[in-house]
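Residue numbers (our numbering), protein chains in the order written: chain A, 1 to 194; chain B, 195 to 331; chain C, 332 to 853.
Read the hints as simulated data drawn from the structure, not as lab findings.
Fair warning: there could be bad hints in the mix.
Interface residues of chain A toward chain B, partial, derived using beta-carbon atoms under 8 Å [to be verified]:
hint	residue
1	R90
2	D104
3	D106
4	G151
Okay, the calculated beta carbon distance ranges per label pair [stated by the list, open to error]:
hint	chain 1	residue 1	chain 2	residue 2	range
5	A	D108	C	V813	30 to 40 Å
6	A	V42	C	L339	34 to 44 Å
7	B	E285	C	A575	51 to 61 Å
8	A	V33	B	R197	21 to 31 Å
9	B	R296	A	W113	39 to 49 Å
10	A	G178	C	D468	19 to 29 Å
11	A	V114	B	E285	45 to 55 Å
12	A	L52	C	T798	51 to 61 Å
13	A	N131	C	I787	47 to 57 Å
14	C	Q673	A	E188	30 to 40 Å
15	C	V796	A	L92	56 to 66 Å
Here are a few chain C residues that sit away from chain A, every Cβ distance over 12 Å (derived from the structure) [stated by the list, open to error]:
hint	residue
16	V359
17	T383
18	G520
19	A730
20	C734
21	L744
Where is the CB? At the ideal position from N, CA and C, for every residue including glycine.
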Amino acid sequence: MSVSPDPDVSTRDATGAHASAGGRPPAPPRTGVSRGELAMTVLLGVLGVYLLLDAANIAIPGSSNTIGPRFFPYLIGGVVLATALALGFRVLRGDRGPADESEDVDPDAPTSWVAVGTIAAAFLGQALLINVVGWPLAVTLMFAVVAWSLGARGVVRPLLAGGVLAVVVWIVFVKGLGVALPGGVLLELATSWF
Amino acid sequence: MSRQPVVVVGHVPTPRGRAALEHGVEEAHRRGARLVVVNSSRGDALVDEEYLQGDPLRRLQDELTVSGLPFELRRPIGRDVAEELADAVSETGADLLVIGLRRRSAVGKLLMGSAAQRILLTVECPILTVKGPPRPT
Amino acid sequence: MGALSDLLGGFADALTPVNLLFALLGVVLGTAVGVLPGIGPAMTVALLLPVTYTLEPTTAFIMFAGIYYGGMYGGSTTSILLNTPGESSSIMTALEGNLMAKSGRGAAALATAAIGSFVAGTIATLLLALVAPVVVDLAIGITPADYFALAVLAFVAVATVLGASPLRGLASLGVGLYLGLVGTDVLTGQERFTVGVPQLSDGIDVVVVAVGLFAVGETLYVASRLRRGPVEVMAASGSYLTRADLRRSWKPWLRGTALGFPLGALPAGGAEIPTFLSYAAERKLTKHPEEFGRGAIEGVAGPEAANNAAAAGVLVPLLTLGLPTSATAAIILAAFQGYGIQPGPTLLSTESSLVWTLIASLLIGNFMLLVLNLPLAGVWVKLLRIPRPYLYAGILLFASLGCYAVNADPLDLVLLLVIGLLGFAMRRYGWPVAPAVIGLILGPVAETNLRRALAISSGDLGVLVDTWFSRIVLALAVLALVLPVVLRAVRGRRATPEELQAGEGLRHRETVGAPPADEEER
C-alpha cells in the first residue's frame, strides 16, 4: 500500500478537533483597536509614570558625589514610558500582538473568564488555607476545583487524585528533602515516626 | 416499505473494539441492517490513542465500504462514551448495540469506573457484549 | 591542554553514584517536561530552586543541566510524532519531521533528531570546554562599563530580536526590570518601590516571578482557551537510520552545530534563529530539493543539531560572563546567586571543580538522553494521555509547593497569583515572557555595574563609551533596537516557518502589520 502525505480528509470534521500543524493554527484576521491591548499599554504607561515619580522619593543617604539609588529607576521609568507611548501609538493604529501559542490552547475559542476567575479564586483560597489546614488538604481542594473548572468529571476522582498527589509530594519533599511545608495535624501525627 | 433496522457499534482500535466491529458487521448482514459505528473521545487529553485519525481512520472507512453495508461513521468528542452511545441508539432508534468488553480488576473498576456498566445501565436497546472475534462460519 | 585535564578531573567528580543519579533524574525530568505541554525547562528549574538548597551546588547544577538539555530532546519527539513543537526552537523540526512520520518514516526522523542532538550536543559541549577558558582570558580585563554595555545588548536582543513584536518585547523587559528594582538597594540600603510592605524589602523572589509568569500564567491562559479533542499521533514506524539516511544526515548535523554554537553563544542568542538558518541552509544545499515539503531528512537533522548546539552555546556567556541569554539560562544564573556564587570571569578559577564537573556531566547527560529517547520515544508520548484538567491542576500544585518553600509565607502565594494574572495577560496580548525573566535577574547586575562604572569616573557618563569594546557593543545594541523597526517598515514582517518550507527562503512578505493568517493545510 502506498502511503503518501495526502491532505487530511477527515481530521477536520464537525468535532472541531483539528490537528495543529507547526503550532501555528490560522488565526482569523481581526481588525480594529483592541480594548485589552489598550488597557495593557495604559497600565505600562502608568508603571512608567509611577517609576519616575516614586524614584524621586527614594532617600539618598549622605553626601555622595556619585549616582545613587535613583539613577537606574529613572532610566527604567523613562524606557518604560517611551515604550508605552510607542506601543500605544501602534495599538491605536490597529496593531495586535500575536497571542501566545500552546499545544492545549484553541486559538479560535472565546476567552472563558469564568474558568480564569474560578482558578484564580481557588489558588487564592489555597494560599489563605495553608496555614490553617495544612498544605496537603489546601492543595487537594485547589486541585479538585481547578480540575473541575477545566472539565474533569465526577466528584470523587479529582479529590482522590489531588489528595494522593498532595500527600505523596508532601512526604517526598518534607520528609525526604527537608522542605518546610505545614502538613496539617493528621498527616504530621501519622508521619511523626519518620 | 418498513424501516431498515439499525445496528450501532462502539468501536475503538483495540482487540476488543475489533471484535465488536466484526460482530456488528455480521449482525448487520444477518438483519439486513444499516451500521452506525461510533468512535468517540472524551477529548480531554492531547493524546487519545483510542480515537481514530489519519490512516487508521481511512482504513476503517475502506473496510466498511468493502463490507457492502450501508454505514455511517460518527466521531463525537467531548462526552463520556456511555452518553455518546446512548445518544446514537436513541437517535437512530437502533435495534442492537454491540460493544467489546475488557477485563478490569476490582480496584481498577473502583478508580476508573466501568464504561460497560454505565452503557448497560443507560442504553435503551438490546446490547451484545463480546470478548473476542466471531467464530468463522 | 589545560582544558582537557580539567575536563578529565570533572569526569572523575561527575562519575560518583550520587551525581550520576541526579544527572539521570535531571534528564528524565527534562525530557518529561519537554514532552508535556504547559511546562518547560525554565519553569522546572525555577520550581526546583527552593527545594534544592539542601543539596550540594554541584549536584543541583548537574540536575539543572540535565533538565536543560533534556527539554530539547523532549520537544523534538512531540514535534515529529504529534506536530506540536513545545518550544520555539522545535518549530523547524516539526516541519519536515512530522511529514516524515506521516509517510511512515517516523523512526528515521526520531533517530536523526536524537543522534543529531547527541552529536551536536557533544561537539558543542566540548567546544564550550575549549572556548570558556579563552573567553575568560579575554574577559578578565573587562570593565564595569563594558559589562553594562553587554547587559544592555542582551536586554535589547532578547526583547527585540527573538519575539514577533519588538515593542511588546521591550514592554515585557521593562516589567521585569521594574520587578528587579523592588526591594532594598544593595549599595545604599535604601528601600525602593516597596509601597510600605515589609515583606517586599527583601525584593520579589525570582522563584515567585518565574513560576508566576510561566506556570500560573500558562495555566490561566490554557484555561481561558481550552482546546478540546486529541491530536493525531504518528507511529514511530519504518526502520531507524538506513545507510542512505546516515549519508544524508551527517553533514546537516555538522552544519547545524556550526551554526548553532556560535549563534547561541552570542548575547543575542537563543536557539530559535539558528534552527531557522539551518533549515534554510539545508533547503538550499540539499541534493533532494523535491523532498522538502514532503519529509526531507536533512530538514530534521540540521535544525535539531542547531538547537542542541545553541543550548550549549548559551552556556558560554553564562559561565564566563554571567550573562544569561535565555529564560532557562537566567534562572540557572539565579540558582548560582542563590548559592552565593556569581558567574563571571572569575568563576573558572574560584569554582573550577564545579564548572568542570558540570561540563563533564553535560556530556554524560547527553549520552543518557540518547539512550532514553531513541528507543523510548513512544513511551514518552504516553505521558500525553494525562487529561488536561489533571495536568494543569498538578502544575498549580507544584507551583504552590515551590513558592511556599521559599519563605514559608502565604503572602508569596498571593504575589504568585498576581504575577500569574500578569503572565496570563501578557500571553493573551502577545507580550513574550522571557524578556521579563531576564530583566528581573540581569537588571540588578546591570545596575551594580553601571553604578560601579560611574563611581570610578565620579559620575561622568562618558565612561560608558570609554573603551572600544563598550562602544562596539552599545552600537550593536542600538542596531538591534533599530533594525527590526527599519526592516518591518522596509520589507514587512519576518517569514514564517511555513513560508520557509514553501521555498520562499528568508525573503520577507509585503504585508505590514497584518496578523499571521497562514493556511496550514498541506
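A closest beta-carbon separation below 8 Å is what the hint needs, so does D104 (chain A) meet it against chain B?
holds (7 Å)
Whether the CB-CB distance between V42 (chain A) and L339 (chain C) falls inside 34 to 44 Å:
violated (59 Å)
Against chain B, run the beta carbon of G151 (chain A) and see if the smallest gap drops under 8 Å.
holds (6 Å)
Per the hint of 19 to 29 Å, is the separation of the Cβ atoms of G178 (chain A) and D468 (chain C) within bounds?
violated (41 Å)
Would you say L744 (chain C) is clear of chain A, with no C-beta pair closer than or equal to 12 Å?
violated (4 Å)
Using the beta carbons of V33 (chain A) and R197 (chain B), state whether their distance is inside 21 to 31 Å or not.
The hinted range 21 to 31 Å is violated for V33 (chain A) and R197 (chain B), with Cβ atoms some 58 Å apart.
Minimum beta-carbon distance criterion (8 Å), R90 (chain A) to chain B
Violated - the Cβ of R90 (chain A) stays beyond 8 Å from chain B, reaching only about 35 Å at its closest.
Could you see if the CB distance from V796 (chain C) to L92 (chain A) stays within 56 to 66 Å?
With a Cβ separation near 36 Å, V796 (chain C) and L92 (chain A) fall outside 56 to 66 Å, so the hint is violated.
Confirm or reject the claim that Q673 (chain C) and E188 (chain A) have a C-beta distance inside 30 to 40 Å.
Holds, at about 39 Å.
Consistency of beta-carbon spacing, T798 (chain C) to L52 (chain A), with hint 51 to 61 Å:
The hinted range 51 to 61 Å is violated for L52 (chain A) and T798 (chain C), with Cβ atoms some 31 Å apart.
Holds or violated: 47 to 57 Å for the Cβ distance of N131 (chain A) and I787 (chain C)?
holds (48 Å)
Falls inside 39 to 49 Å, the C-beta gap from R296 (chain B) to W113 (chain A)?
holds (41 Å)
Violated hints, in rising order: 1, 3, 6, 8, 10, 11, 12, 15, 17, 18, 19, 20, 21; the structure is consistent with all others.
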